[in-house]
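For the sequence shown, counting from 1, position 128 maps to 128 in UniProt numbering; every step adds exactly one.
In case anyone wonders, no lab produced these hints; they're calculated from the structure.
By construction, the Cβ of each residue, glycine as well, lies at the ideal position given by its N, Cα and C atoms.
There could be a bad hint or two in this list.
List of simulated lysine-lysine pairs, DSS-like, C-alpha gap at most 25 angstroms [unchecked claim]:
id	residue 1	residue 2
1	Lys-194	Lys-45
2	Lys-59	Lys-45
3	Lys-194	Lys-170
4	Lys-324	Lys-76
5	Lys-194	Lys-104
6	Lys-116	Lys-104
7	Lys-59	Lys-324
8	Lys-76	Lys-104
9	Lys-281	Lys-231
10	Lys-231	Lys-194
11	Lys-170	Lys-231
12	Lys-49	Lys-281
13	Lys-281	Lys-45
14	Lys-194	Lys-230
15	Lys-76	Lys-230
16	Lys-76	Lys-45
17	Lys-170	Lys-49
18	Lys-230	Lys-49
19	Lys-338	Lys-116
20	Lys-116	Lys-324
21	Lys-49	Lys-231
Distance windows between CB atoms, simulated [to be verified]:
id	residue 1	residue 2	range
22	Lys-59	Pro-122	53 to 63 angstroms
23	Lys-45	Arg-226	26 to 36 angstroms
24	Lys-338	Asp-284	55 to 65 angstroms
25	Lys-170	Thr-55	35 to 45 angstroms
26	Leu-165	Lys-59	23 to 33 angstroms
27	Lys-194	Lys-76	24 to 34 angstroms
28	Tyr-33	Glu-114	47 to 57 angstroms
29	Tyr-33	Ser-109	49 to 59 angstroms
30	Glu-66	Phe-340	37 to 47 angstroms
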Amino acid sequence: MAPSILKFFRKKKKTIQKFEKSMAPTNEKVSIYVPDDITFSILSKLPLKSVNRFTCVCKSWTLLFENSYFMNMFIKNMALKYHSLTDESCLLLNHFEIFDGGWKLYLLSGERFENKVPLNWPSIFDQNNNYYYCLRDILGYAIDGTLCINHHSTIFLWNPTTEDLNIVPKNKARFHDKFKTEFIIHGFVYDQIKDDYNIIHCVEYIGDYFKAAPPGPYWDIYSLRRNSWKKLHVDMRRWIDRRLDLLNGHVTMISSYETRTSYHISISILGELDVKESWTKLFDVGPLSDTEYPIGVCKKGNIFFLNDDYELSCLDLTTGIIEKTGVNEVTQAVIYDKSFFPIGGINN
1 MAPSILKFFR KKKKTIQKFE KSMAPTNEKV SIYVPDDITF SILSKLPLKS
51 VNRFTCVCKS WTLLFENSYF MNMFIKNMAL KYHSLTDESC LLLNHFEIFD
101 GGWKLYLLSG ERFENKVPLN WPSIFDQNNN YYYCLRDILG YAIDGTLCIN
151 HHSTIFLWNP TTEDLNIVPK NKARFHDKFK TEFIIHGFVY DQIKDDYNII
201 HCVEYIGDYF KAAPPGPYWD IYSLRRNSWK KLHVDMRRWI DRRLDLLNGH
251 VTMISSYETR TSYHISISIL GELDVKESWT KLFDVGPLSD TEYPIGVCKK
301 GNIFFLNDDY ELSCLDLTTG IIEKTGVNEV TQAVIYDKSF FPIGGINN
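Could you build the full structure based on these sequences and the hints that come with them?
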């Protein structure tokens, strides 16, 4: 055999032996440790539902939502990832004018919401004069151009751009002979997984304080796709100022409470519908000395609220900075994007 060929095969043999040696079992330990800052950085970019599932991986991860370092990263990533305002986004201002015709609706646009255009409510809202002063509340925020409105205990879905109007059927699932019933509507949300539009409300029974404590409260959820209601399992105290909204893709519970010297806002988000254990408290904002109550979600998921002078202000959740918008005498404010889609989207 020629020397050059022999040299070639010897070289190949050494290469194979070296490879086999590297693949042989060894007693040397291989480190798979990942620093916490890298781990937290990765986890903080995941949806809440995924983070909740990973809390069972190891002991330190079970306390993720109690770790201030992780929570700061999670909140900042959540605030920056979703729902930034586009150039066409506007602000709907719902306001009750006592001396000038009752409920008024305005469309505000511009960098400082300086452009103000009046809109007309559907005529059905004003057909009965007895309901003139009744609450006309916009639930949550606009989804695909559609608003959910609670008017005199009737729920409407309305697209101001197309003027389409749907009446949501009454929920008759809850009934108790001994007590009066009060329905409190808490939110209008979109379930991206099921491609469905949902309304969440609370059923409370009003009983005689000195005789019997009423049951509940109970929570129900409406599906536009099924056009029906079903029970929603969630544990929430009855006597607290709260509302449900959509904060950067998550169903959000905004609760407020007062102490003797200050005001606080508590914000929790829902990881998975109909799973009460998936509620996660993000933070408690406060003490705040110049606020009344939160009324909606604005740019990058920050919170609109009214101060003591009923002026609209915006709270940046990542910095804690409060900025006044210059809009006064506000009842309710909602972010709105115009859409010509039918109510419930193309597939409904």
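Consistency of the hints with the structure:
Taken as a hint, the Lys-194 and Lys-45 pair is honoured in the structure, with Cα atoms around 23 angstroms apart against an allowance of 25 angstroms. Annotation: proposed proximity of Lys-59 to Lys-45 holds, straight-line Cα distance about 20 angstroms (limit 25 angstroms). Taking the CA atoms of Lys-194 and Lys-170, the gap is near 23 angstroms; set against the 25 angstroms cutoff, the hint holds. The straight-line distance between the Cα atoms of Lys-324 and Lys-76 is roughly 21 angstroms, inside the 25 angstroms bound, and the hint therefore holds.
Note on Lys-194 and Lys-104: the hinted pairing is violated, with a Cα-Cα distance of about 35 angstroms set against a maximum of 25 angstroms. For the suggested pair Lys-116 and Lys-104, the alpha carbons sit about 12 angstroms apart, so the restraint of at most 25 angstroms is met. For the suggested pair Lys-59 and Lys-324, the alpha carbons sit about 43 angstroms apart, so the restraint of at most 25 angstroms is broken. Pair hint Lys-76 plus Lys-104 does not hold up; C-alpha atoms about 36 angstroms apart against a cutoff of 25 angstroms.
For the given pair, Lys-281 sits about 23 angstroms from Lys-231 by alpha-carbon distance, which is consistent with the 25 angstroms threshold. Only pairs whose Cα atoms come within 25 angstroms are accepted, and Lys-231 paired with Lys-194 is accepted, the gap being roughly 17 angstroms. For the hint pairing Lys-170 with Lys-231, the CA-to-CA distance comes to about 14 angstroms; that is within 25 angstroms, so the pair holds. Restraint check: the Cα-Cα separation between Lys-49 and Lys-281 comes to about 13 angstroms, which is no more than 25 angstroms; the hinted pair holds.
Under the criterion of a C-alpha separation no larger than 25 angstroms, the hint pairing Lys-281 with Lys-45 is consistent with the structure, at around 17 angstroms. As the CA atoms of Lys-194 and Lys-230 are separated by approximately 15 angstroms, the hinted pair is consistent with the 25 angstroms bound. Distance hint between Lys-76 and Lys-230 is unfulfilled; the C-alpha atoms sit about 34 angstroms from each other, more than 25 angstroms. Distance restraint check for Lys-76 and Lys-45: the Cα-Cα separation of roughly 9 angstroms lies within the 25 angstroms cut-off, and the hinted pair is therefore satisfied.
Between Lys-170 and Lys-49 the CA atoms are separated by roughly 31 angstroms; this puts the pair beyond 25 angstroms, and the hint is violated. The hinted pair formed by Lys-230 and Lys-49 meets the criterion: a straight-line CA distance of about 22 angstroms does not exceed 25 angstroms. Distance hint between Lys-338 and Lys-116 is fulfilled; the C-alpha atoms sit about 15 angstroms from each other, no more than 25 angstroms. Only pairs whose Cα atoms come within 25 angstroms are accepted, and Lys-116 paired with Lys-324 is accepted, the gap being roughly 17 angstroms.
A threshold of 25 angstroms between alpha carbons decides the hint, and for Lys-49 with Lys-231 the separation of about 21 angstroms falls inside it, so the pair holds. Distance hint for Lys-59 and Pro-122: a CB-CB separation of about 56 angstroms, consistent with the stated range 53 to 63 angstroms. For Lys-45 paired with Arg-226, a C-beta distance near 34 angstroms keeps the hint of 26 to 36 angstroms intact. For Lys-338 and Asp-284, the Cβ-Cβ distance of about 36 angstroms falls outside the hinted range of 55 to 65 angstroms, so the restraint is violated.
Taking the beta carbon of each, Lys-170 and Thr-55 are about 40 angstroms apart, inside 35 to 45 angstroms as hinted. Here the CB-CB span from Leu-165 to Lys-59 is close to 54 angstroms, at odds with the stated 23 to 33 angstroms. For the pair Lys-194 and Lys-76, the beta carbons lie near 29 angstroms from each other, so the given range of 24 to 34 angstroms is met. Between Tyr-33 and Glu-114 the beta carbons are some 55 angstroms apart, a value that agrees with the proposed interval 47 to 57 angstroms.
For the pair Tyr-33 and Ser-109, the beta carbons lie near 52 angstroms from each other, so the given range of 49 to 59 angstroms is met. Separation of Glu-66 from Phe-340 is about 46 angstroms and conforms to the stated range, judged on CB atoms against 37 to 47 angstroms.
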